[in-house]
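Order-wise, the sequence lines are chains A and B.
Going by this note's numbering, the residue at position 236 of the first sequence is 220; the numbering climbs one at a time, nothing skipped.
Position in the second sequence counted from 1, then plus 59, gives you this note's numbering.
Rather than coming from a laboratory, the hints here were simulated on the basis of the structure.
It cannot be assumed that every hint is accurate.
With a Cα cut of at most 30 angstroms, we get these calculated DSS-like pairs of lysine-lysine [said to hold, decoys possible]: (1) A:Lys95 x B:Lys115; (2) A:Lys21 x B:Lys189; (3) B:Lys115 x A:Lys96; (4) A:Lys96 x B:Lys165; (5) B:Lys115 x A:Lys252; (6) B:Lys195 x B:Lys165; (7) B:Lys191 x A:Lys95; (8) B:Lys170 x A:Lys11; (9) A:Lys21 x A:Lys11; (10) A:Lys95 x B:Lys165; (11) B:Lys119 x A:Lys252; (12) A:Lys21 x B:Lys191; (13) A:Lys11 x B:Lys189; (14) A:Lys253 x B:Lys119; (15) B:Lys119 x A:Lys95; (16) B:Lys165 x A:Lys21.
Keep in mind the model is a prediction, meaning the values are calculated, not measured.
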Amino acid sequence: MGIDFQKYRLRKSMHTSLYQRVFIMTKNGAYQLFTSKWVLALIVLTYLVGFVTKLLSIVFGNSSIEADFFYDFYKDGQLWFVLMAAVAGSGIIANDLKHHTIVLYFIRIPKKAYLAGKTGIVGSVLSVPILLPGVLLFFVAVVSSTDPWNTLVNNLWIFGAIVIMGIFIILLLSTISLAISSLTSDKRYAGAGIFVIFMFSDIISEALRSFIENDRLAMVSVWNNVRVIGWRLFDMEIQYSFPWYESIVVLVAVFICSAVILYWMLFKKEVWI
Amino acid sequence: MNIVTADNLSKWYGEVIGLNQFNVVIEAGITGLVGPNGAGKTTLLRILTGLIHEDKGHVKVLGEPPWNNPLLNARIGYCPEHEMLYPWMTGIDFLVSMMKMHGFQKNESIKKAREALKIVGLNREDSQRKIKGYSKGMRQKVKVAQAFIHNPELLILDEPLAGTDPMGRKTLIELVKKMAAEGTHVIVSSHVLYEIEGLTDQVVLIDAGRALATGHIHEIRGLIDQHPHTVNIATNDARRLGKTLMEEEIVLTVTLMDESHVAVKTHQPDSFYQRMPDIVVNGGYEVYEMFSPDDNLEAVFRYLVKK
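So that you can see chain A by itself, here it is in the shape it has in the complex (with noise of 0.2 angstroms):
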C-alpha cells in the first residue's frame, strides 16, 4: 500500500500522552511568568508584606497558634492576590490572541487541553504568593510552638482551612483572569478588567451599603463574599446577617459566568485571526 493510501502514518515519537503535554505547556507558562520582572517583583511585595510581618510576629510574638491569625493573612493579602492575577493571568490567552498563537495551539491539543494547561499556568504562579506562604506560616507556627506534635494535631484543622481557603482563592482568581483574558487581544486591558472586578465591586458595595442600611448589599463585592467563606472555614463568627451559603451561592454564580465567558469564546467561537 502506497503512503499515499494509509489512513495513519506511524507515528513512533508520540509519546507523550496528552496530561503530560498539558504538563508541559503549564510547566513552560509558569516557567515563562516566573522569569517575568513583574511578577517576580509582585511576589517579592507579597511576601514582603504578607508573609515577613507574620512570619516575624510568629517568631517573635510568642503567640499560640489562632484561626484568624491565618484568615488574617488571606484578609490583609487580597489587593496583592489581585494585582498578582492581574499581572500573571492578563496576557495568559490575551497573548495568544495577540500573536495568532491559539490557532497554533488549537490545532496541536483539544480546546480543554488548551485550556486546563492555560487554568494551571495561572494556577501554579497564583499559588506561590497565596497557597505556599499560608502553609510555610502554619508550619512556622507549629515548630515553634512549645509542643509542636501536639500542636499539629490539636490544629489540622486550621491547616486545611489554609488549604482549602487557599484553593479556593486561586481557583476564583484563576477562573476569572482568564474569561476576561480571552475576551481581548490587549492584555492590558484584561488586567485593568480583572483589577476592576474584584477591587470596584467592594467599593461599590460599601457605597450602596452608605445609602441602603442592608447587610445583604455586602454580597455586591467578591471579596465580601470570599471572606464570609473564610470566616466560616476558620470557625470565626460572620460579621453579616445573611448566611454563609448565600456567598457560596454568589460565587458559584461567578464562577458558572467565567465558565460560560471561556467555553463561548474558546469552544463555541471560531478562530478568526
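Place chain B on chain A using the hints.
Just chain B, lined up with the frame of chain A:
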C-alpha cells in the same frame, strides 16, 4: 483517494459571503488553491483545519469532519497566512514547544526542530536568536517549519511564499515538492499565480466564494476552449509566416508583433500544434520559440472570471 470533499459548502460573515455553495474534491498530491484576495481561500482553509465552522453544506478532510476534531488535527500541518509566533521566544524554542504540544519528547523535539530549521534554511545562529529580531522572511521560515515538523499527512499552507526572498522561495518550493514525493498531501493557497505554477499543475480556481474550476491546468484549459487560445511564435520571417497562417481554417486571427514575432489565436490548439510542423517545413521557416501564454494560470484565471 479524496483528501478533501466539500459539498455545497457555504459560509457567511453577516451579509458578506465567504464561501457560496462551494463544491470541490481534492485528490492526493499537491493542490494549488488560486484566487484573488477575498475570493474565499482562507475561509476554505480555516474550515478545513476546523478553526471555523461551515454554515451550510458538508466537508470532510482525510475522510473526517474537521470541526472540533483533535484526532484529525494531529494529522494536519497548518501554516496560516498571518504571523503567529511568540516574539520573545527563539526560533528553535518555539519549534520545540510546538513539537511538545504534538506529543513528542524533549530530545526528539530538539532534534526535529533543528532538522526542520535546516530544511527551511534558517542557520543555527539565527535559530537561537529571539523571533522579535527576525526579518519577515525568517519568520515565514519558522512558520512553515512548525507546519511540517511533525510529519503530517496533510499540509495546508496559506500564502506560504509571501514575504520570502527568491532563495527562500526556491527552498520552500523544493521542500513542498519533496514532501509531496514522500507521500504528504499539500494544499497551498496563493493569489500570485506563478507561485502555484512552480509547485503544481493541480489547481482549484476560486473566486467570490465559488470553485470556478478544478483539476489539471490543461484540463481546465480544455474547459475554456470556447475562448481563443493564443500561441506566440518567434521566427526569422514573422510577416510571411503570418500570411501563411491566415490561410489556415483553424486560425482565427494573426497579429504581427514585430518583424520576428507573431501571435496567433485559435479555437483548436491541439490541431494547430499538429499542423505547425508541416507549415514550418513546407514554408522553410526557422522557428526559434513557440509558446502559449494561455497555458499560464493567469490567463486561465482571467478567462474564467471573465475579467
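Do the hints match the structure? See the list:
no., hint, result
1, A:Lys95 x B:Lys115, "holds, 23 angstroms"
2, A:Lys21 x B:Lys189, "holds, 18 angstroms"
3, B:Lys115 x A:Lys96, "holds, 26 angstroms"
4, A:Lys96 x B:Lys165, "holds, 23 angstroms"
5, B:Lys115 x A:Lys252, "holds, 17 angstroms"
6, B:Lys195 x B:Lys165, "holds, 28 angstroms"
7, B:Lys191 x A:Lys95, "holds, 27 angstroms"
8, B:Lys170 x A:Lys11, "holds, 21 angstroms"
9, A:Lys21 x A:Lys11, "holds, 18 angstroms"
10, A:Lys95 x B:Lys165, "holds, 23 angstroms"
11, B:Lys119 x A:Lys252, "holds, 20 angstroms"
12, A:Lys21 x B:Lys191, "holds, 19 angstroms"
13, A:Lys11 x B:Lys189, "holds, 20 angstroms"
14, A:Lys253 x B:Lys119, "holds, 20 angstroms"
15, B:Lys119 x A:Lys95, "holds, 20 angstroms"
16, B:Lys165 x A:Lys21, "holds, 27 angstroms"
Checked against the numbered hints above, the structure breaks none of them.
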